[in-house]
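Asker: One-letter residues, chain by chain:
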Amino acid sequence: MSSPIVKLVAQRIALGILLLLAVSVLIFAGTQILPGDVAQAILGQSATPESLANLREQLGLNQPAYIRYFHWLGGVLTGDLGTAMSSGQDIATSIKERLWNTLFLAFWAAIVAIPLAITLGLIAVRYRNGWVDKLISGVALASTSFPEFFIGYLLVFYFAVQHQWFPAISTVYDGMPLGERLQAIALPAAALTLVVLAHMMRMTRAAILNVMQSAYVETAELKGLSAAAVIRKHAFPNAIAPIINVVMLNLAYLVVGVVVVEVIFVYPGMGQYLVDHVTKRDVPVVQAVGLIFAAVYITLNIIADIAAIVANPRLRHPK
Amino acid sequence: MSNELDYLSRRVAAGKLSRRDFLGRAAALGVTATFANSLLSSAVRAAGPVKGGTLKAGLVGGESTNSLDPALFMTQVPFAFGKMWGELIVELSPDGKLENRIAEEIGSSDDAKVWTLKIRDGIEFHNGKTVTAEDVAATLERHSDEKSKSGALGYMKGIDTIKVNGKEVVLTLKEPNADLPYLLSDYHLIVQPNGGKDKADAGIGAGPYKVKVNEPGVRHGGERFANYWQGDKMGHADQIEIIVINDATARTAALQGGQVNMINRVEPKIVDLIKRVPGVTIRNHSGPGHYVFIMHCNTAPFDNNDLRMALKLAIDREEMLKKVLRGYGSLGNDFPINASYPLFTEIEQRKYDPDKAKFHYKKSGHDGPVLLRTSDVAFPGAVDASQLFQQSAAKAGIKIELKREPGDGYWNEVWNKQPFCASYWGGRSTQDQMYSTAYLSTADWNDTRFKRPDFDKMVLAARAELDEAKRKAIYHDMAVMVRDEGGLILPMFNQFIDATGPKVAGWVEDPHQELCNGYALAKCWLEA
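Quick mapping for you: the protein sequence lines, in order, are chains A and B.
The letter at position 235 of the first sequence is residue 235 when you use my numbering, and the numbering goes up by one with no holes.
The letter at position 260 of the second sequence is residue 260 when you use my numbering, and the numbering goes up by one with no holes.
Keep in mind that the hints are not guaranteed to be accurate.
Claimed, not checked - If you want a taste of the chain A side facing chain B, the calculated C-beta under 10 Å gives, among others:
id: 1; residue: Arg98
id: 2; residue: Pro147
id: 3; residue: Phe149
id: 4; residue: Ala160
id: 5; residue: Gln162
id: 6; residue: His277
id: 7; residue: Asp282
Unchecked claim - Calculated Cβ distances over 10 Å to all of chain B for the following chain A residues:
id: 8; residue: Leu21
id: 9; residue: Ala53
id: 10; residue: Ser143
id: 11; residue: Tyr153
id: 12; residue: Val156
id: 13; residue: Gln164
id: 14; residue: Lys223
id: 15; residue: Leu225
id: 16; residue: Ala228
id: 17; residue: Lys233
id: 18; residue: Pro237
id: 19; residue: Ile244
id: 20; residue: Arg281
id: 21; residue: Gly290
What the hints assert, rightly or not - Quick list of in silico lysine-lysine cross-link-like pairs, BS3-like style, CA-CA up to 30 Å:
id: 22; chain 1: B; residue 1: Lys113; chain 2: B; residue 2: Lys167
id: 23; chain 1: B; residue 1: Lys199; chain 2: A; residue 2: Lys96
id: 24; chain 1: A; residue 1: Lys96; chain 2: B; residue 2: Lys323
id: 25; chain 1: B; residue 1: Lys210; chain 2: B; residue 2: Lys269
id: 26; chain 1: B; residue 1: Lys210; chain 2: B; residue 2: Lys358
id: 27; chain 1: B; residue 1: Lys157; chain 2: B; residue 2: Lys417
id: 28; chain 1: B; residue 1: Lys403; chain 2: A; residue 2: Lys96
id: 29; chain 1: B; residue 1: Lys451; chain 2: B; residue 2: Lys149
id: 30; chain 1: B; residue 1: Lys322; chain 2: B; residue 2: Lys212
id: 31; chain 1: B; residue 1: Lys403; chain 2: B; residue 2: Lys356
id: 32; chain 1: B; residue 1: Lys163; chain 2: B; residue 2: Lys147
id: 33; chain 1: B; residue 1: Lys210; chain 2: A; residue 2: Lys96
Rather than coming from a laboratory, the hints here were simulated on the basis of the structure.
Quick reminder that beta carbons are idealized off the backbone N, C-alpha and C, glycines included.
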């Protein structure tokens with residue numbers, strides 16, 4: 001059994017790496033096409049032709065693009081993301097903490113959102129087409145349809161301003177006790193949960209309902225299993241692949257798509273960091289962040305793929 | 001009656017009577033609430049500051065790209081944090097005068113060309129070293145060096161030599177300048193050990209708070225410096241913290257939720273709502289900041305003074321002040337100076353006059369629409385203001401075409417590049433600084449391309465003039481020239497609108513910059 005799986009998994013990973021390389025080329029090319037160059041951006045108003053030429057020389061901007069690309073790629077592979085031109089700080093060090101913050105928030109949002117979404121999906125299937133199902137779907141859809149900033153501001157208004165249960169701003173810092181940290185991120189995590197909930201919940205419901213039409217579920221029902229047992233033992237395991245897929249997509253969103261929520265709650269994560277540097281035309285940082293976001297997306301998708309393969313006997317034993 | 005009020009206010013200050021009760025009794029005695037409040041705050045100040053606790057400010061204007069190097073300060077957060085850990089040579093006091101800080105005495109030669117700064121004894125840096133004349137000289141040297149990219153470089157270029165003579169620093173200027181002490185109050189010129197030449201962003205100064213936390217774009221924290229030289233006047237809280245909150249709604253929510261004690265930049269449109277929140281006090285004060293529409297005097301069609309005059313007459317300042325600033329500001333008069341500057345003189349207010357505008361427009365011979373570029377980042381409400389301008393100009397038969405530019409890149413691509421756009425100025429501390437920064441022919445930031453050799457001569461003449469009455473007369477003539485011939489349309493001066501939460505005392509109104517000229521965290525304290 002093991003060899004085809006290992007082969008499939010290896011294939012996926014190799015494909016992922018190739019994809020990441022392609023993305024890195026795109027990112028690099030994209031930032032090269034942008035008007036003006038880094039030297040111009042650094043010097044700004046005080047640029048004179050001589051200082052521009054000097055700085056270009058110093059930054060190696062006179063070399064052809066492909067050489068600079070390989071130079072950059074080599075740096076990335078050895079963990080050297082370069083230095084930010086706006087502040088002169090090492091990018092890898094400043095990103096590390098931001099990335100950790102973003103992952104921390106995404107982790108806790110996921111811990112709440114994923115089980116909640118799947119449970120709600122299962123309950124919706126169990127009471128399908130009844131009022132429970134409609135209520136769950138309705139609320140989840142409504143919370144997804146509202147823009148994130150609206151949900152964020154609503155949460156702030158009720159829980160921070162009116163009742164002061166949670167802080168309105170989620171500033172976290174090194175050495176903050178876990179309890180305080182969790183309290184600080186409660187509201188942004190809740191906002192994110194509400195945003196991703198419906199997608200996962202609806203997908204769970206649809207996938208299981210799909211399976212529920214099949215003959216073996218009917219058999220299970222006929223042999224006298226309760227509705228809950230049918231879902232748990234027969235329908236859910238067979239519907240797991242699409243659910244994992246949608247869960248992974250939403251996880252990726254939690255990491256790379258939280259810019260708005262980070263801004264509203266003043267959370268020091270990657271999104272805020274990226275926005276600050278985009279406005280300063282800080283190309284090295286934008287490249288690094290773009291690459292990290294791409295890596296997160298691709299990795300999570302590979303994991304989804306592999307999990308789907310492992311969970312599905314038909315993919316596990318291809319003919 | 002006033003004896004009773006005095007007594008009551010002292011009881012409040014001592015914590016024996018609540019503020020609300022006090023105001024109630026004061027009303028019963030027939031005193032207006034404003035007067036009662038001012039009486040109360042003076043009593044609180046007289047009772048003396050309360051030491052201890054943590055004061056927090058939630059401020060807009062910080063990015064993850066900020067540095068602790070004072071030369072690179074540009075936005076509000078580094079400005080305010082710099083005032084916490086740094087000490088200046090001289091500072092502007094809230095009443096508009098000069099207050100000597102690290103310099104104990106500042107004197108000049110009769111021609112205002114040679115200046116002597118006597119350095120005060122016994123001021124200590126956070127690293128334990130004493131502030132010496134050498135440190136001050138090195139600081140000034142570093143900021144005069146092109147390489148430092150200092151925000152103060154523009155003025156520092158005017159210094160020819162910097163010499164140390166015992167406890168004195170002697171500055172020789174290239175051109176006489178009667179305003180030099182004002183220039184030295186620039187917030188970039190924080191005195192650092194050896195001028196910051198060893199490590200510019202070390203964050204070591206002689207201010208009331210030591211840098212404890214420095215996370216650019218997130219938060220900055222300070223711990224009271226025990227050996228601060230004016231510990232009785234500033235640095236009351238044990239800890240101070242600045243949290244960067246660039247989102248206006250989040251900032252207000254943080255104040256209401258009690259996470260911060262003060263915020264800056266309250267939007268005029270929500271001031272009336274915030275006022276009603278219990279415990280919150282709005283702190284608004286007029287200053288030199290102003291909102292502008294700028295035309296390049298050397299670019300067609302704006303190279304025609306009749307067209308410029310037509311546009312100046314076609315703007316309805318009063319309506320704009322009412323609708324965009326909700327009254328939190330004052331009328332502009334097309335020159336960048338108002339009563340917050342020393343040596344200001346009143347000039348007849350220009351009014352909205354569609355007929356006269358029509359006349360000048362016809363005389364200019366211009367035909368077709370005029371393109372005005374605008375953006376939300378130009379100033380708060382800039383897009384609305386531009387639309388109001390468009391409508392009032394239409395009534396004078398002038399067609400303004402609006403182009404909304406993206407906020408991202410506005411300051412690089414539009415301002416100081418395009419011939420007609422919306423913008424703002426934070427103002428400067430003296431008229432000379434303001435005119436030198438933006439109206440001299442040679443100024444980098446001459447964003448109206450106002451290039452007039454006769455005007456430049458007047459700037460230099462006023463700078464060298466030590467007789468106040470004569471200077472005032474020159475500044476008056478300069479203002480008239482900018483107003484009637486320049487490319488500046490200045491509809492309004494804005495106010496700083498800060499807000500404080502419950503129990504914040506010690507606030508000092510300061511016309512120079514927001515947050516008591518940046519010192520709010522050091523000057524305020526939390527009432528017990």
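Asker: Check each numbered hint from earlier against the structure, then list the numbers of those it violates in ascending order.
Answerer: Failing hints, ascending: 2, 11, 12, 13, 20, 24, 25, 26, 28 and 30.
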